[in-house]
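Undergrad: Starting from the known structure of chain Z, arrange chains D, P and H on it as the hints suggest.
Now for the letters of each chain:
There are 4 protein chains.
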Amino acid sequence: MAHKHGHVRDRIQFANAEDKQEFSKFPTKAGRRSLSRSISQSSTDSYSSAASYTDSSDDETSPRDKTQVNSHGSSDFCVKNIKQAEFGRREIEIAEQDMSALISLRKRAQGEKPLAGAKVVGCTHITAQTAVLIETLVALGAQCRWTACNIYSTQNEVAAALAETGVSVFAWKGESEDDFWWCIDRCVNAAGWQANMILDDGGDLTHWVYKKYPSVFKKVRGIVEESVTGVHRLYQLSKAGKLCVPAMNVNDSVTKQKFDNLYCCRESILDGLKRTTDIMFGGKQVVVCGYGEVGKGCCAALKALGAIVCITEIDPICALQACMDGFRVVKLSEVIRQMDVVITCTGNKNVVSREQLDRMKNGCIVCNMGHSNTEIDVASLRSPELTWERVRSQVDHIIWPDGKRVILLAEGRLLNLSCSTVPTFVLSITATTQALALIELFNAPEGRYKQDVYLLPKKMDEYVSSLHLPNFDAHLTELSDEQAKYMGLHKNGPFKPNYYRY
Amino acid sequence: MAHKHGHVRDRIQFANAEDKQEFSKFPTKAGRRSLSRSISQSSTDSYSSAASYTDSSDDETSPRDKTQVNSHGSSDFCVKNIKQAEFGRREIEIAEQDMSALISLRKRAQGEKPLAGAKVVGCTHITAQTAVLIETLVALGAQCRWTACNIYSTQNEVAAALAETGVSVFAWKGESEDDFWWCIDRCVNAAGWQANMILDDGGDLTHWVYKKYPSVFKKVRGIVEESVTGVHRLYQLSKAGKLCVPAMNVNDSVTKQKFDNLYCCRESILDGLKRTTDIMFGGKQVVVCGYGEVGKGCCAALKALGAIVCITEIDPICALQACMDGFRVVKLSEVIRQMDVVITCTGNKNVVSREQLDRMKNGCIVCNMGHSNTEIDVASLRSPELTWERVRSQVDHIIWPDGKRVILLAEGRLLNLSCSTVPTFVLSITATTQALALIELFNAPEGRYKQDVYLLPKKMDEYVSSLHLPNFDAHLTELSDEQAKYMGLHKNGPFKPNYYRY
Amino acid sequence: MAHKHGHVRDRIQFANAEDKQEFSKFPTKAGRRSLSRSISQSSTDSYSSAASYTDSSDDETSPRDKTQVNSHGSSDFCVKNIKQAEFGRREIEIAEQDMSALISLRKRAQGEKPLAGAKVVGCTHITAQTAVLIETLVALGAQCRWTACNIYSTQNEVAAALAETGVSVFAWKGESEDDFWWCIDRCVNAAGWQANMILDDGGDLTHWVYKKYPSVFKKVRGIVEESVTGVHRLYQLSKAGKLCVPAMNVNDSVTKQKFDNLYCCRESILDGLKRTTDIMFGGKQVVVCGYGEVGKGCCAALKALGAIVCITEIDPICALQACMDGFRVVKLSEVIRQMDVVITCTGNKNVVSREQLDRMKNGCIVCNMGHSNTEIDVASLRSPELTWERVRSQVDHIIWPDGKRVILLAEGRLLNLSCSTVPTFVLSITATTQALALIELFNAPEGRYKQDVYLLPKKMDEYVSSLHLPNFDAHLTELSDEQAKYMGLHKNGPFKPNYYRY
Amino acid sequence: MAHKHGHVRDRIQFANAEDKQEFSKFPTKAGRRSLSRSISQSSTDSYSSAASYTDSSDDETSPRDKTQVNSHGSSDFCVKNIKQAEFGRREIEIAEQDMSALISLRKRAQGEKPLAGAKVVGCTHITAQTAVLIETLVALGAQCRWTACNIYSTQNEVAAALAETGVSVFAWKGESEDDFWWCIDRCVNAAGWQANMILDDGGDLTHWVYKKYPSVFKKVRGIVEESVTGVHRLYQLSKAGKLCVPAMNVNDSVTKQKFDNLYCCRESILDGLKRTTDIMFGGKQVVVCGYGEVGKGCCAALKALGAIVCITEIDPICALQACMDGFRVVKLSEVIRQMDVVITCTGNKNVVSREQLDRMKNGCIVCNMGHSNTEIDVASLRSPELTWERVRSQVDHIIWPDGKRVILLAEGRLLNLSCSTVPTFVLSITATTQALALIELFNAPEGRYKQDVYLLPKKMDEYVSSLHLPNFDAHLTELSDEQAKYMGLHKNGPFKPNYYRY
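Chains as they are written, first to last, in UniProt numbering: chain Z, 1 to 502; chain D, 1 to 502; chain P, 1 to 502; chain H, 1 to 502.
Heads up, a few of these hints could be off.
Heads up, incomplete: computed chain D residues facing chain H, CB under 7 Å, no partners named [as the list claims (entries may be wrong)]:
#1 G282
#2 G283
#3 G306
#4 I308
#5 C323
#6 M324
#7 D325
#8 G326
#9 R328
To be clear, the hints were calculated from the coordinates, so they are not data collected in a lab. Glycine included, C-beta positions come from ideal geometry on N, C-alpha and C.
One chain only, chain Z, in its complex shape (with noise of 0.2 Å):
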């Protein structure tokens, strides 16, 4: 039954038209970047913090041309300086106390070593985060090889405690487009090893699998893919009758969702703005466009500080959930001339047109929480009457003629990954479940899954929230026998049919 879970092969939306992308097509970094939706990507902007007291070193070597050997004699990575691993070990240590899921599932995963065999090649932002997770993984009994899904995130002390206790990365911060695939590569195409599971985020790792190696796929189990790029790819390959082996798309799964968008957004809203503009939210007017879960977030957030909030909807069952919820709705047309904020969350392009930019009063400030960097007509802004004044990192004035400022946060990209932090606990709930999607994959009696892209079974979903609800000291209450049976339940789960709402 359960085989048959999940199945949205026809039912998922595309945001837009990069999205669409051809799967065979290279992906440029600079571009992905702007193409994924998931949270968990931030690290670019958010390790930055830590990186600021870490990353002193001047020296300028490749890594590619340097020998390294950790404490027990291997050289089988390729990181900036092994020499850094006390260090990273002190970040992952931290990282550890807000993972106490990932902690947790170590120990009552442990004695049955669920992934005892597993032979994991993974591709993911190399973080504190993420080595919680790899160090999970090799808990429960899997090998693993791993390399970096973007040029830029790898925080290098944290690969380098990686390698020092025997995982085989490769990655570190700054990689050319050349030393990425070398990277990939050098994951994959290991003497004497060869890979059962793929860990991705992104889908670059699964392209270069497909074109360099496609015999791998005769032993590969699954691949868990997180991010909405990869997941997309991995329809189009299904669509296309070329998708060879199951795949787990874990970035639709609930509990990630909600972090990812209603709750995360929640509070970088208020985080991203304050540490633009210090900008005091009482009274603000603001409007925000869209009222999806990114947009009840911010508005939530919003109003909670005082601020007057409007939202604009074309979808009009949302537009009467922003009515119940104390919210005018809006044309932004109506509006435009009184907003002190401008927020967009539609995913949707050119929300916020030079028209609309231009009727803005002096002062207002406008930024984007949505999908991509196309929901403000940022590229209309460049043109020769405006000019533009850099005033922080990540704020730049846009000066009209007769003086008026508008106030634009990181260009108009993600406001909550260029200039907030995603707190560690989003990041568990993530690994959590990419760690319960590997288990499930490679434990799957044969059958169970066959050549398509699934979501998570709800009931593992409902695990990963259960192994979170510790952090809360939280207590769940159990059935009684008698109430599963009145319930027609079983009394571990799954507790809601697939199509709830919550």
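TA: Then chains D, P and H, alone, in the frame of chain Z:
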């Protein structure tokens, strides 16, 4: 494409054993009430406020024994007293003020008369709000014969007003069981008139037709059903291969669900508690059992008014939501001694047991906002050592031997139906959904719907919402052609994939 | 030092001309009600819910013409029917459950009997709640004679219960004006008993003593007064040099003010609107006129339930607070056309004029939470071109010639007194404050209080609060000696300077 | 009448012993900072964000040793580098955008030049915001000489911009103690110029004049002081009969207090925690010690973002408010083991003791939003068995022998000053209040103010508010003549009695 929409036959969850009674079992009036999850059935209770100043007739003659004629000379109806029509008309007019969506639907669809040719036999509560629905159907071209789905809930004046304008109504307050079926029979079995559409609330009308006039189904284009119970029966028929016409499950449409649960309960929990106990909410310690839509609504309202709320949950995903929303997740036994108020909304049974009732503190208020009267083990309180004292309508003090009083509301039945009212606006959502479902089924091209149970197409759900937006002076934004293309959407919707959670 | 506390003679603000009526003017019952700001006087309305099931006696004989004896053989009282005592006792017991502060005061002060020797003559509403106060005074050693301050508000059963236990009560529901003064006279003018303390609510008792028995003041140690009207009269007497005993203004103590205004209105605005109109709050556009404590309470509650609230203000400081709290500050004329609900709480007159009523949209609800019935110009609506239709108790539809209906609640009188109830907890705050004021005045050393009007010392205000904390299971922290020294405070308070704003 | 307004000499509460230092004691720079309650002094910290990209000069020459001339040929100033004037001008212009109240004051009062003839000597932080104040004073007719009240907080570019326009500024970042007094002396002791108004922040300037140039007071019409420390010194002088000119305490004006405490802390608690720890607020268990204005602000914000907040209090009135606002009132020792975050805002000392720090759980965050750095017993943590690890600026991990980490922010100093910023809008409130106080004192008729300390007249407090309303597009309602008469108010205020609590 649309014909596959929303087919949820194998997904529907049933909350309790009572619901699973045989369809063929003769439904008792007493039993049916508690089966119904539909909030719109609350008119049993809510109409009492209106009735207090209307229903002073002492006429004890059964309407079946009277001969009445309306001013147009027709006597094809049976109501308490046709002379009350004028008063009923005023009630309908007042209801129309808050049901502008239906009035707007009348105007928009009046020219095309989308129900021209429709012969609708209906069985619902007969109140001012359903009268607005019935008269809308008539305005759209339908001929209607109507009866009551509940023996207590008919507003006699409203029935008279409908009869006066020519609707063949068979209903009065205080019918006997025999009257009940007689009325249904008179609706269905009319000389020279054969129904081609059925609008049902609870399934009794459908049942009667199946049993007595199966040939009617040859002409019927579809059934529209709004109650949990009735929908359940339809799915059972479908499963058994006995459903011989398409049926529309309007109970589970997004808009109706949100209004029946989250939004309506957010308001009625305060109202129900206040009207019965005059409690001050500030600082009260409250435990809400269950954090589904109903629980979320209750918690939001109580927290907003200064209560200190914790919740119990069996589902880790809902529990994690509760944490993120700022509620402690506890087991009932951990907190029961400290609570001022205990509210159940789980859909389960014996959530509050006698043991827990024994441990409550003096003055603790216990009530139920959930599915039926099973959540609190009220039966266990009917024991000789406890004294029951009725202090107000719907309010009992249960007194322990040591003098401790527990305040039980509505004897554990649904608080919001028993002790609060349902805003006309919520009923408007339901009625509009029913009207659109009738239009859809009546006009669907051959083959779009088969002999199965369907959810309302998302586009129509969106239309229901859009018809209610003018109440809030809400202005929708329209997609430009370019934006629609970018999003891969039609400009008029549907705007979201089916699995979207809102 | 304490003897100067709270002397506010020249600071008190009077809200309207009616309040400034001459003290010597004969008070009409009709007029007084609207003069009173004190929420505790709401028993006129609120007791009706209780009375509905108690007061079925058809006995038309005037109590003044009956001879009744309680079970102890005393006949020094005059109530409707002494036989209702048992029922009244139960009402008192139920009230005691929510007035644990007074019960606790009884216990704490019982040993020392701080009112031993006190002979208190009292004139208040006679309800279950005031009965708990009276019996507390008795438990603390006082002898009490009592009469009603309102001709409609007496709960006959409660009066009987008090009479049964030996309190000399002279009060019944539906007194005539003559009865009213006769009852007061019987209280004051008792053979062999002379009052030495006065507890008044409205000033009528004080007035009567001034007029008829001025010599009584020779023995009286002080007056405790809780109403705006009565306090105003006392300040006038004081100004005129005619106040011959100390008086305590308990109306303006911090705790009572917060509960009578902010906290109580936060709850009663929802309740009052819901009971009368069954309105759904979500998405409603509401304008609240005045952002004082009452306005703040109304706005907080309505916003929390999803209404979209804007305010009007004359005071820029309050207006700025409204901005920071997230409410648009507008002129009424700017928004009146769009509003669903208009609420006045300014203390001013003609805040809603006929011109504005003319511009309201169909279905707009208008009500008053402010000082008196002057805020809405109701008189202007009593003109021939408008039709009044009473649709429920306290609800009138005013119908314009074009069919527009405006829904006027309680004919512009106080909504929360007319259409809601006052929680016992609020009344407990008031009653405890009164009891402590009596204890303070009765036990104050010679010279602490002069012939002037005083506020309750802050330390006693703090004590009132502390007695109510156990209701919330709240645990105060105590200062260490070192901390008290550091703060320059006594460990038992007072903890704040007099000008502290809370 | 106004001359008696707000005389609070004997009411002011002092929070700690440090404040009670002798006025004549030589103030150390280190000590003074912690004495100050005034949030406007936060520029020490907040300016760092701006300074990061401005102050790159490596010029080590002391400004006292340089000869600089502005473009008008004047050299009557001493700043770091007059050439930075242009950059400073831009900073001032940006600040002007959020200080429209002052700009508006310039316009309204420009014609009458209410400060014509005023010679103001000032000692405040020198930042873009105070520059807007100073230039406003100049626009209103004043001549100004200015110096810095803090040796670290001067924005050199801003000082240069002021000097360039002709203000005699003596200040730079990183003054020595000797420089500090030298600058003050240069301000006061100018050839051919004698101050007749003093604007002080901290009391050092006033102190210096008292000590060195007492004859200056013969001409001085008044002192305006905004800090707790400075105000305390003035009250001491007044008490001792040594205050020889009127002084205005602007620290305690209603508007400034609300913004410095409730509104500002509501925002900065979130910002301070987020910037330092990237904490996710949802579901966090937080205890806030103290429910005054600061505590109220912190609690409101944290609750709104989904934290579960409880409070500790010594004052039963504040404790009861907390209950009604939905917060459990506990003793710290009862909950300390469960808390994720501990926040102090009591103004007291050792509120969080070593014993409680020992009992905290791993990862608990501890910080202070209260008066000074005394609230957390940080000294007790500097013991050999504990390891301190600085993980970020302002963030220390204190590590117990068993590995438990407690996260201490800003070493127990004020979190919002150390780790957040103060919005320009809050500084605008303060600056406007200062400007109006200067105007009032300078223009007051002979005899209105004596040699005493005064609060700003309520009418001026209202005026400060009204000048800030346009920022919110807020429209005040005006009283009609009839309404003003009815309320007994002047149409232009003041609108509330002095004791009004807001």
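Undergrad: If a hint holds in the structure, say so; if it does not, say that too.
TA: Taking the hints in turn, this is what the structure says about them:
1. The criterion of a C-beta within 7 Å of any C-beta in chain H is met by D/G282, whose closest approach is roughly 4 Å, and the hint holds.
2. Among the interface hints, the one on D/G283 holds; its C-beta lies about 4 Å from the nearest C-beta in chain H, closer than the 7 Å criterion.
3. Contact between D/G306 and chain H, as hinted, is supported at the beta carbon level, the nearest pair being about 4 Å apart and thus within 7 Å.
4. Checking D/I308 against chain H: minimum C-beta separation of about 6 Å stays under 7 Å; hint holds.
5. At its closest, the beta carbon of D/C323 sits 4 Å from a beta carbon of chain H; the interface hint therefore holds under the 7 Å criterion.
6. The beta carbon of D/M324 is positioned within 7 Å of a beta carbon in chain H (closest approach about 4 Å), and the interface hint is therefore held.
7. At about 6 Å, the closest approach between the beta carbon of D/D325 and any beta carbon in chain H falls short of 7 Å, and the interface hint on this residue holds.
8. Contact between D/G326 and chain H, as hinted, is supported at the beta carbon level, the nearest pair being about 4 Å apart and thus within 7 Å.
9. Look at D/R328: its Cβ gets to within about 6 Å of chain H, closer than 7 Å, so that hint holds up.
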